[in-house]
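> Starting from the structure of chain C, add chain A where the hints point.
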Amino acid sequence: MMKKEKVLYRQWLAAALLLSLAGPAAAQLAGDSYESIAALPDFGGLWEVQRGSALGYTPPSLRPEYAARAAAYAAEDTPAANCVPPGMPVIMTQPYPLEFLFTPGKVTIMLEVYSQWRQIFTDGRALPEDPDLTYNGHSIGSWEDETLVVETVGVSTDTPLARDYGIRHSEQMRVYERYRLIDDDTLELELTVYDNEALTEPWTNLYHYTRHRDWTLTEFICQQNNRNFTTDDGKAGVSLD
Amino acid sequence: MTAKPASAWIELRLPGALLIGVLAATPVAAQSPQGESWASIAELPDWGGLFEVARGGAFLPETLVLTPPYAARAAAYAAAEARGEIQDTPAANCVPPGMPVVMWEPYPLEFIFTPGKVTIMIEAYSQWRQIFTDGRAHPESPDPTFNGHSIGHWEGDTLIVDSIGFSLDTPLGRNYGARHSEQLRIVERMRLVEPDLLEITTEIYDTEALVEPWISTRVYARHRDWILTEYICQQNNRNFTTDDGKAGINLEHEVER
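Chains as they are written, first to last, in our numbering: chain C, 1 to 241; chain A, 1 to 257.
In short, the hints are calculated from the structure, not lab data.
A few of these clues could be false.
What the hints assert, rightly or not - Derived Cβ-Cβ restraints for the label pairs, each shown as a range:
#	chain 1	residue 1	chain 2	residue 2	range
1	C	57	A	182	43 to 51 angstroms
2	C	33	A	226	17 to 25 angstroms
3	A	87	C	157	28 to 36 angstroms
4	A	62	C	56	54 to 62 angstroms
5	C	182	A	55	45 to 53 angstroms
6	C	145	A	139	35 to 43 angstroms
7	A	62	C	212	35 to 43 angstroms
8	C	163	A	183	36 to 44 angstroms
9	C	158	A	85	28 to 36 angstroms
10	A	223	C	95	30 to 38 angstroms
11	A	158	C	145	36 to 44 angstroms
12	A	195	C	38	25 to 33 angstroms
13	A	79	C	163	47 to 55 angstroms
14	C	64	A	196	49 to 57 angstroms
What the hints assert, rightly or not - Facing chain C, according to a computed beta carbon distance under 10 angstroms, are these residues of chain A, among others:
#	residue
15	37
16	98
17	110
18	121
19	145
20	235
Idealized CB from N, CA, C, for every residue including glycine.
In isolation and in its complexed conformation, chain C is listed as follows (with noise of 0.2 angstroms):
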């Protein structure tokens, strides 16, 4: 009896030990407390894009209605002019600064063109099922490791898909974005599209992020000095006078 005991407890203690290292999920999620956060990899100070890098940029391969549509894309200007932001994914790349602010269950991405910011849920919610689309999508996240791996649904149709407003997506668009610190201050993202409407393969590029310890986000009110008159199809206007 002792000793089938001591067996039975010690295989139970083995499976006590292998449960508590795969762990229940919600329990362990990495930045779910401050004492969390602070064991994660350190993402402080402010981001900018680094600009003609040598990482290259494939565009999307369009399916033909997609493509038909970006060719006949000939507009004077976009709906930035009237300081529409472009929303996900071109938001990320934009030349401006970005801040990355952790919070328990939740990083939040301070972006300081058009004042802007993304809610990136580590708190383990699932993703909405029917999610009001908005420009930024909603996001969740976690740690794979070092590497924040985020999952975006739900971006608004009237968002371009790249920098050229011709290039659209769909309402079916999924953007899984992967941040992982290459040396001290240098932020990789690998960021990767997935839209089997508009696109004919998943569509991913890397980005190279400088830090920089000293700088603060500066205000950005596009609508400040937007005192451009806009014409009658709603284009902004150029006065020449």
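Chain A alone, transformed into the frame defined by chain C:
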């Protein structure tokens, strides 16, 4: 029995006086956690969740007393409104009101504590305010901005925020006729007065525009299960702009009916 605390107090008078001297010499800030590290933030009061101005705080009567030149300007604005010459505010063109009004709008706020900084996320117009709690001073000549330059520190459970550097494009209160000068300074005292009620006292100093400091207090109710919603004013800003820069209104569909 009552004598004991009294005598103990008498005994403590001398060291007490010394202690008061030390407290006066030492910034009170040093006594409270300041949120300079994650460990320090964990000791700060829990301001998690979203807060929305409550109990009519968005529409409090504004009791500011303007100096004669600023009162004259406000009167001229009101007269122009009465004559129909002013029919909208810059908000009609998606220009936010700046401080202090942006803290009083009927939209949620969220407080984000990170080492050395408190960020206030403001749903209205998708804005934010940054309050540096790392001990830095204000810049000597700040670039004027809608929300100003803010530094803060904790005194016990109270966050005290000092802001300067405001753009003259913004109004002083909800009435766009009442303006402020470049001297505007805003001191805010923020603390939880109940588990789910944050109180903010706003002290507005501007000797050029105000006869006396304008002090008002609002409470904000906590909503733990809310999340901030994206707010892009320009998205549906499809009004045309009139020749003099105002937001136009198209009444054609009304006529058709």
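> Can you list which hints this structure breaks, lowest number first?
Structure breaks no hint.
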